[in-house]
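From first to last, the protein sequence lines stand for chains F and P. Position one of the first sequence corresponds to residue 1 (the working numbering), numbered consecutively onward. Position one of the second sequence corresponds to residue 199 (the working numbering), numbered consecutively onward.
The hints are simulated quantities; they were obtained by calculation from the structure and are not laboratory data. We treat Cβ as the ideally placed atom computed from N, Cα and C, and that holds for glycine. Incorrect hints may have been included.
[As the list claims (entries may be wrong)] According to the in silico footprint, chain F covers these stretches of chain P (three or more CB under 8 Å from chain F):
#1 308–314
#2 372–386
#3 416–427
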Amino acid sequence: MTIHRDDLADKFGMWLFIFTELLLFGMLFVVYAVYRSMHPEAFRIAGEELDVALGTINTVILLISSATVAMSITAIQKGDKKRCLQLLSITLLIAVIFMVNKYFEWGAKFEYGFYPGSDALAELGHGTILFFGLYFFMTGIHALHILIGIGLFIYVMLQVKKNKIHQTDYIWLENTGLYWHLVDLIWIFLFPLFYLIH
Amino acid sequence: MSDNTNHKEVSYLEYQGKYRGILGWILSTDHKRIGLLYLYTMLLFFSIAAILGLLMKTQLIAPGETIMGPQTYNSFFTLHGIIMIFIIVVPGLPAVFGNFFLPIMIGAKDVAFPRINLLSWWLYIIGILIVLTSQFTGGGPPDTGWTFYAPYSFQTPTNVLPAVFGAFVMGFSSILTGINFVVTIHRMRAPGMKWLRMPLFPWTLYGTAWIQILATPVIGITLMLIIAERMLGIGFFDPALGGDPILYQHLFWIYSHPAVYIMILPAMGVISEIIPVFSRKSIFGYRAIVLSTMAIAFVGYFVWGHHMFTSGMSGRALFTFSFLTFLVAIPSAIKVFNWVATMHKGSLHLHTPFFWALSFLFVFMIGGLTGLVLGALATNVHLHDTHFVVAHFHFIVFGGTGFAFMGAVHYWFPKMFGRMYDANWANLGWGIFFIGFLSLYLPMFFLGMSGMPRRYYDYLPEFHGMNILSSMGAWVMISGILIIFANLIRSARSGPKTTEKNPWGGKTLEWQVDTPPTLENFDEIPAVDKTPYDYRDYAENTNS
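Just chain P, same shape as in the assembly (with noise of 0.2 Å):
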């Protein structure tokens, strides 16, 4: 231990290292600078491609051109998806809470490689930089889509290369931040701590490290196939060449559809820990839960091919991939179950991060079972590539894991910048985004069954009035998330000043360390005795 013993009140905010100001965070190795460093840079993408979002339903509120045209239309729902997908969602909660939080909930003063969590945040934005390039050099903006489906995404005349290596990058970032967390819960958790002491949301984190270690090298290599086909015409999925354009659909989705559980794995994870705190009940089926978990990081790498059930497969497969993409619900179903047992005659304290877990609740419901109806075969021919699919996604990774991240970020608000947020305006910016979201993607439920493509700037007249609704909905949905955004940034700064440690009432390892945590979060490694969710003192207490 250091001997000054008087830097040992100040926070990781405050602290003074090797290098000043701007430098002192794009050079710091600690986790939880880090974790900021990513929060900003995805507030910002986010807001981008929230506003190109935002532009397309506008686009949509009636038929024929009305803001934009169709390649406008093409490459703003590509870069959409690719800043959604890549820059958002998949790092998303791991990048953030995972980098801020896990090595506090385990019992650490940092992740196992410091130096390498720094680098991969600078791989992420190299990453974003080569991205951006796409939008402005070569040929113009990518018009593939986010999927980059051979064999169009080597004919078009798009600048689809840098796209393409940009994500290439960003995957590495993904791998080394997998290979950090699955080392630190195996080496760096407090003396005590066994496996199943571990709280949940780390629990989820180490199966979503496996997850991008094991899938993210597929990806990897099938962008560069991809670039190899562009550049050299190497021909693997080039009909023309004797390729076979179904192959690429295979590789990307070996990645892509376990790369969903990357996205709401850890999602599953923060509502598995604001749901006890705010019930005030230890959870229920703790050991289900994780099991749950780990069972879908296995079971999501083999339903890769419910993605092309109108790509041409056989029968038998076709019969396979169904079956188990029915199975991997069952995990996600258990895990609602045990959600809705914990709160079953809890002592519920409403407060923002509850509201976010109720709704998730809801809308992951919503988002799960309308998965079920894709998953089935005769359904999914009928609802292919219709906004149905649109809608379905948007529930579970924006619904799911946005609505997570909404409320992890109003759960650890206080703990991370040692100020609090107004409580009043959250709940209003979540009222708002809660109705604005509904009424925005529900309707697509309905556009979809009636047979409205995804994907297209143009519809028939007879989808109007829904899309009307649905384009009401996302300018609802957005002024809902410039209250909440506003009113964080606002607190951030100068919101009202606490140090209080435990503001909810957690009991996990973050509530006991200093707000804002010291450098080394703990003045000592604590020694853990007891499950994570243990609430039977808050129980006696009032039943005496």
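Chain F on its own, in the form it takes in the complex (with noise of 0.2 Å):
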């Protein structure tokens, strides 16, 4: 049986789930934008709890990511494969960065005792607990799919390295580049709605 290679078939099939995913997120924000409206006041209070100099800064560095995955691709067409994997170890380290950031902000506001459930929350009234809950929920999300990417960038990285990826099939490595600069387009809808608006 002859292996059947349709590079634009693949790339056509990942836009959808590109799609797919924009949708999973576009309820998210329609319910973000119902509780913002029911509660304004509550949700600009809250949204000065977050950090923004932490926010910031991985706000700057996925974009930088996106830049590297961009450039990864330009350095395996043309077939500088070392080229390729520093790039690619830039934005794994840079997706690790952007988790560690996470995991001290999420802290934080775990040590003040904000999280879904809590006493201190449920002091504080609706608004506030819709608030978190929504920030957890959607940077929870957004995280995993930053954790998928982690896995995504090791295992191309891997085949980049066994020659799999090369120079005249690299749909795998385009393909993973699409999906994080999703992640990275969504960062950048989440960023303002929870951290700037106030």
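Take the two lone chains, each set in its own frame, and fit them into one complex as the hints suggest.
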């Protein structure tokens, strides 16, 4: 049996998958919009509790990682395996740093007693409960995507190393890049919604 | 192409791949074998859920407790709903016949992503297993109904978590199938098969696949929210924490209404295949059917609110949703008109698949028109949550999709198994099934009109007469199903062998390949130069 190869089909499939992800987060944005409009004042106050500095750092490094993964694709197109691996390592490192920052950010909230179902939140009223519920749920699902991305990058790097991904066959790398841009894009929306709108 | 030409003649059923025995099936990436895997899984679970339904109808044969108490009844209708919706009718036609025949009908050797296709089936099986654990562990079988309405779904002590999570996993399976089909249809049509030369079953699969891609994520995240609500008390749907249970209903129906079109569109596709073949006549209004398919897929997104007319919405929203509901009925009516017009002056060949198609038209009309009764605001308030809704729903989903599924089995059976079923038993089974179906569900309309609510194990004495009729109908229908299944299973194992490529006189590509098809379907990818239902030659031959 001949192996059927169609890179365009693979990329098309990936784009369709990205649509599903957008709808998945889209519904969460709807929930956010509904509750923000119901409790604008509580959401404003609760938003000020978040660490804008850490959020900004995570936004910037995530944008850089989007650039490095795009550059790694260019590198493999030029047949520069070493450069490709370097750029992917940087991307992977940034993804890990993002998770470390997230750990400290969430950890601080837990220390204040701000987590779903906590007594401290219950005292602060409905709007605050919903804000932090949304914050943990949406950034949590996003962080899950980062973790999946980390797994994908490790896999792709191994494939590049083994020359399974090379100058003429790099669809896995390209699709992983598409996925990573999506994860980045969603963060671009999450960041202002939680950290910046006051 | 491979050089060992002696393999060419072997059918997909006999082909020896990397694995032997059962592994050759459950690890096969052949779209035909995967289609059959789905078929067998569904056969098993349909039987279970049908027996649950039968037991519920038996409970309702007289007022008061007859064979089960209220808690058992609640868990029965929940499991019946979860199995029938998430395991049978949502994957249903696309997973079985879409997998098997979509590539063949568009002239391809397989789907675009065969391995993801196999992954879909595995996710489906894992989802089923997770759902099943809900029955035997924790606080007992869930009793929420398949809709998992908040706030009850996170307050009940029963074991809702695995049921919800299982449905979530099956959603993934559905999304992957959808992606696979859209890419397959875009990229793998045979040379010359322009969009408007594609048969109508693939067209409906195309519309369905888009709904699967664009609607299923919504239920995915909604089910995740229910899980978070139960495990973490996140508060989105809990009024005590500021959440809004109505929002859950919105999110749930934003998926679950389009899901109804996931169920019915491929059924319409099957009917559009069967009717021209057994009328020996080109389909009437091919373009209208294509357009109405896409129109249903599109408008179907915007009608979810009609499930919530009594939940509390603004007057303007009520009006809009009701109007859109009436709008979405138009393309369905166009299709019915086209099917009837195709039969007009056709040369009708009365075989089992055609009987199923005819009875589909009959029950689909009843189901569709009663849908409008529910879509109208004034009557909806009266009929909401009564047996009328149950009857309407079963006329569409069981009468529509179920009849089309049976029609599809009997239509494609010789091609799939290389054997023929006994037509007399098949027709007898159909007749008994049809009579049983009508006497089971028609009385429910009257019961609902006179106010019998759904989802109760008990009822007032004045509803007794109609309920006896309905329960008897259930037993008749099950007898019909038994005859049909026994006939099909026996025939698949030991029916008379056939290698005839085209037993029904079909024009689409699946009737040009070997019976049963070879592993790669086609020795040579065919070139297509005309519309799929071109029966002009038949008309000329019979006229001369």
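Tell me, which hint numbers fail for this structure? none
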